[in-house]
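Work out the full structure: start from the sequences and follow the hints.
Listed below are the residues making up each chain.
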Amino acid sequence: MLIYLSMLETDAERQVFLELYNQYGNAMLRVALRFFPNDLSTAGDAVQNAWLKVVQNFSKIQGVSCKKRGAYLVIIVRNESISILRKRRQDLPFDETLVHEQMEQDDAGSIIEIIQKLPEIYRAVLELRFVEECTSREIALKLGLTESTVNTRIHRGRALLIEKLREEGYVV
Amino acid sequence: MINSAEDNAIRDILLDAAASEFAAELSDVNPVETSIRFQKRMETMLINPQRWAKRLVQPLWKKCIQTAAAILLVCSLSLGALMAVSPTVRAAVINWVTEWYETYVIYRFSGETTENQIVPMPQYTIADLPAGYNTEGELLELPNNTEIVYGNEAGQMLRLEYIRMVAGHALMIRTENMVITDASINNCIGQLYISTDSTQSNAVVWIDEQANLQFMIDGFVGEQELLHMAESVSLANLTK
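Chains A and B, in that order, are what the protein sequence lines are. Here the first sequence is numbered in this note's numbering, starting from 1 and rising by one per residue. Here the second sequence is numbered in this note's numbering, starting from 1 and rising by one per residue.
FYI, nobody ran anything at the bench for these hints, they're computed from the structure. There may be inaccurate statements among the hints.
[As the list claims (entries may be wrong)] With a straight-line Cα cutoff of 16 Å, these simulated EDC-like cross-link-like pairs (lysine to aspartate or glutamate) come out:
no.	chain 1	residue 1	chain 2	residue 2
1	A	LYS117	B	GLU136
2	A	LYS67	B	ASP16
3	A	LYS87	B	GLU147
4	A	LYS68	B	GLU225
5	A	LYS142	A	GLU132
6	A	LYS87	B	GLU136
Predicted model only: the values in this text are computed from it and were never measured.
Dropping the structure here:
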């Protein structure tokens, strides 16, 4: 059962997992509650799904530097919340043309501000690809999009982010 | 896989953006009030995260169903039988055969399409669930496929799934570590799949020709419990 190979195998890994839970468990719940402010049960489901992903991809999280693990967990639970919203057909609509125009024209903002201004679903596509390392098919299934839409958004989003990263000196 | 320096830079900046946006959540150390049910789920997870995750995810044979469906979708398209995957019912008799292979079993459906009529999936339920189990999450409904998940407070899951028998479709079940025996469920032909691996769920599968549906229940329960549940499966609401 290959799917389980990256799961927690040793006591040391379980200890790291427990520390993650103790350190970020409440933060993950708070993030989910942003999406489901009056629905503790669904927020709990989103958090549970997020922990499931953490267990299944534990080797990946160990590859993230300690100071960024909190953000990594936040991204996972945020995207699990968005996935639940999508499955409930609570669309998170946006005008794709406007997004790109906004990204291209918003020279005044830093790249972090630009990312934070992105519509949830668009940002989710980029996070799922570049942070969670999901395939286009996995992203499409998770967000209820077509694979071609996912690929288009990754391609365009990547190009625009790299341009901004170059401008701000993050990459040469 | 993320390999290039540029992709790594994108990942880092996305992480930084999340850390900045959720700084308040990340720095708040006060506990969040949660339900007893959620607390129990988390306790189960912390006792053994690996086992908890294995029980929570779809069993391997369920993934095989999806794989088989995808493959057969391609076959249907290549034959120009696009409607084979639409939410329709055919005015035709659907035949099925069971093909036995060394490591898997395929239930294959065939028949002729003569007329289309959009018909929603009927809604079935397990009337006699084991003690402590309740419906978990939302009903998953696809045009020809419905799945209901049940769970208990210990985080154990049960699934009832039924699929419409549509010409050109097939169901594949992986049989590694499985002891397979024939079973009769309310006079319908079926099979029990009992696993010899404690990390793999057991299943019962049967075909209701009158309803034109194939049913499956799987979970970490014994043979008798599976049979008892299977016999209690009944229509909940015809019109949904």
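Against the structure, the hints come out as follows:
1. Only pairs whose Cα atoms come within 16 Å are accepted, and LYS117(A) paired with GLU136(B) is rejected, the gap being roughly 35 Å.
2. The hinted pair formed by LYS67(A) and ASP16(B) meets the criterion: a straight-line CA distance of about 10 Å does not exceed 16 Å.
3. With a CA separation close to 14 Å, the supplied pair LYS87(A) and GLU147(B) stays within the 16 Å bound.
4. Among the hinted pairs, LYS68(A) with GLU225(B) is inconsistent with the structure: their alpha-carbon atoms are about 46 Å apart, more than 16 Å.
5. A hinted pair counts as satisfied when its Cα atoms are at most 16 Å apart, and LYS142(A) with GLU132(A) qualifies at roughly 12 Å.
6. Under the criterion of a C-alpha separation no larger than 16 Å, the hint pairing LYS87(A) with GLU136(B) is consistent with the structure, at around 15 Å.
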